[in-house]
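Visitor: Chain order of the listed sequences is S and C. Just so we're aligned, residue 1 is where the first sequence starts under full-length UniProt numbering, counting upward by one. Just so we're aligned, residue 1 is where the second sequence starts under full-length UniProt numbering, counting upward by one.
These are computed hints drawn from the structure, not numbers from a lab. In this text, all values refer to a predicted model and were calculated from it rather than measured experimentally. Glycine included, each C-beta is placed from N, C-alpha and C at the ideal position. Please note that a few of the clues may not be correct.
[What the hints assert, rightly or not] Cβ-Cβ distance ranges computed for the label pairs, FRET-style: (1) C/W56 / S/E190: 36 to 42 Å; (2) S/I260 / C/K277: 15 to 21 Å; (3) S/R60 / C/Q304: 53 to 59 Å; (4) S/V102 / C/D316: 33 to 39 Å; (5) S/K128 / C/K312: 20 to 26 Å.
[As the list claims (entries may be wrong)] Taking lysine to any residue pairs in the SDA-like style, the calculated list, with each CA pair at most 25 Å apart, reads: (6) S/K128 / C/K277; (7) S/K130 / C/K277; (8) S/K128 / C/Y210; (9) S/K131 / C/L107; (10) C/K277 / S/V249; (11) C/K277 / C/T131.
[To be verified] Calculated from the model, a selection of chain S residues having no Cβ within reach of chain C, i.e. all distances over 10 Å: (12) E33; (13) V62; (14) K80; (15) G105; (16) T140; (17) P144; (18) V147; (19) R157; (20) L170; (21) T214; (22) S248; (23) I256; (24) F277; (25) A278.
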Amino acid sequence: MAVSVDEAVSTSPVQDHTPPARRFGLRGRSVLEVALLAVLAVVMLFPVLWMIETSIKENRDVYAIPAKFFGFTVTLDHFKDVFVASGGGRSTLSVAFLNSVVVAGVSTALATVLGVPAAWAYSRFAVKAKKDQLFFILSTRFMPPVVVVIPIFLMYRQVGLIDSKLGLILIYAAFNVPFTIWMMKGFVDEVPAEYEDAAMLDGYTRLQAFRRFTLPLLLPGIAATAVFALIFSWNEFVFAIFLTSSDSVRTAPPAIAGLIGGTTVDWGLVAASSVVFALPVLVFAYLVRKHLVAGVTLGAVRR
Amino acid sequence: MSDSASLTTDHPGQAASTTPPARGRSRRLSDRWLAVVFISPALLLLLAMSVFPLLWALYLSFTDYSATRGGPANFVWFENYTAILASAQVHLRALTTLIYVIGAVALQTVLGFTIAYLISRRTHGRGLLTTLFLVPMMLSPVVVGLFWRFMLDAQFGVINSMLGSLGLGQVEWLTRQQTALFSLIVVDTWQWTPFIMLIALAGLTAVPKYLYEAASIDRASEWFRFRTITLPLVWPLLLIAVLFRAIEAFRLFDLVYILTSGGPGVSTETLSFHVYKVAFLGFNTGTASAYGILMVLVVIVLTQLYLRYLNKLKED
């Protein structure tokens, strides 16, 4: 992008060291932009780095005043505490992590199994009031969780799903289905319908054509969509805290939040469990970085 | 609908495709039937887990039902609604929520767009920079809330420690009325600036290069180019992102719960948090349902706006 030199000098706020030479104005502005980006990047990343640092500090360094940025003793005790209870055996946190894996995994599988065929049908067939149906589906995803959880709580109390993994799995699947349908519809739209038509001319039924020709082409899209659904379920907190209470059912977010309930807070442990909790999300998010725009807008915006 | 399924085999014109199906084959599953079979399970789950609960809440909102007291629910009709709409407490929460939503979304938009603009002007390291900036957005609000609570701690928080070494005074970020809401806005901004950045970046990179080249041949000033080329082309997409964030900020609960629990006093109590207190601490289920339904109405209006712009964007 060519920037005309005159403007670059006049708009560049760098004044002190800039020699009057005009060529330097362009460079100066560029340097300023890089510096600004660097500062912003540090501000955005500092809390994450601080969290990682706290998780490997000894307790007396965690509470040191002034804060110790360097030169602390590295320890992995906090990470050990995440998984191993103080008396040996499995800690409640590790049980919670396991519950999170089960709940997020099963609910994602359910949402995928229900959502992918629906997305295909919405993409291929002339469904009555298709647009209205799709918009209705997306708008269920926008309902405030605190409001939805009130009747869900009463409903679950009636049918005995309170404090059960199945209850969480169902509600997570329900909020991931709209996302899966919208996200997958984009992927299905990209696969030409002619493939199926050609297969049907060869004598396959439409269902066979979908299974044998379209589905294999959709697999990368299904994987990306499932990863996002997995992240959403994994991070979910509101339903988890209101619908579950016992340690054997609770998922990781309420369990980690529960660490700050007492009079003293072991921030080292909080940091370590946060790191353990966030690491898989970051890895998964990196894997689907190409679809991030579609993913975070619930499949609504595609570029 | 399934009754008519067997009849529709004669009319495969229902299918979106224009190619006629092969003749002489008995097609057991017509397209119409297939569509119903594929779509209805997903819709049934949504009906059971989203629509039915909301209808139940609607019913409860006209009663004086309490989840702990039990007993039959008595119809009070619009009493809950009038009580909520007339309540000064609710007005205060609405104001808090408004300040929070506008403050956070405005900050995120300005910051996010600035970062996106700066990144889009780089030629090297764009991918790495984008990835780094996106980290906060992928974290759970629980992790974000806990961590900022630790960093903003008045005694051993790192923010105050840094202020101290700069020779500035200590600030009670989360425990003073004046600063708590501001802290909440800052934390939300930290987490969601990357969201706006990501979408703005998608918009910025989609602006055709030749427009800028044409403008620079005309010796158009940079501000002029920004105002007449960049902004109009990125704006529709940015608006989608802003509306999306506004809906999310309006229904936010977890960050408030972790960071301040609505305190000190009620200075950070948003509408979401107040509904929770009425429902789960006061157990006035009827009132809470009416409250919730009113919130749902606001969300529906915002969602309609969002979907309308989305539709417009897709048609262009």
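Visitor: With reference to the structure, classify each hint as holding or not holding.
Guide: Quick rundown of the hints versus the structure:
no., hint, verdict
1, C/W56 / S/E190: 36 to 42 Å, "holds (39 Å)"
2, S/I260 / C/K277: 15 to 21 Å, "holds (19 Å)"
3, S/R60 / C/Q304: 53 to 59 Å, "holds (55 Å)"
4, S/V102 / C/D316: 33 to 39 Å, "violated (44 Å)"
5, S/K128 / C/K312: 20 to 26 Å, "holds (23 Å)"
6, S/K128 / C/K277, "violated (42 Å)"
7, S/K130 / C/K277, "violated (39 Å)"
8, S/K128 / C/Y210, "violated (42 Å)"
9, S/K131 / C/L107, "violated (33 Å)"
10, C/K277 / S/V249, "holds (24 Å)"
11, C/K277 / C/T131, "violated (38 Å)"
12, E33, "violated (6 Å)"
13, V62, "violated (8 Å)"
14, K80, "holds (20 Å)"
15, G105, "holds (17 Å)"
16, T140, "violated (4 Å)"
17, P144, "violated (4 Å)"
18, V147, "violated (3 Å)"
19, R157, "violated (8 Å)"
20, L170, "violated (6 Å)"
21, T214, "holds (12 Å)"
22, S248, "holds (20 Å)"
23, I256, "violated (6 Å)"
24, F277, "violated (6 Å)"
25, A278, "violated (5 Å)"
The earlier numbered hints that this structure contradicts are 4, 6, 7, 8, 9, 11, 12, 13, 16, 17, 18, 19, 20, 23, 24, 25.
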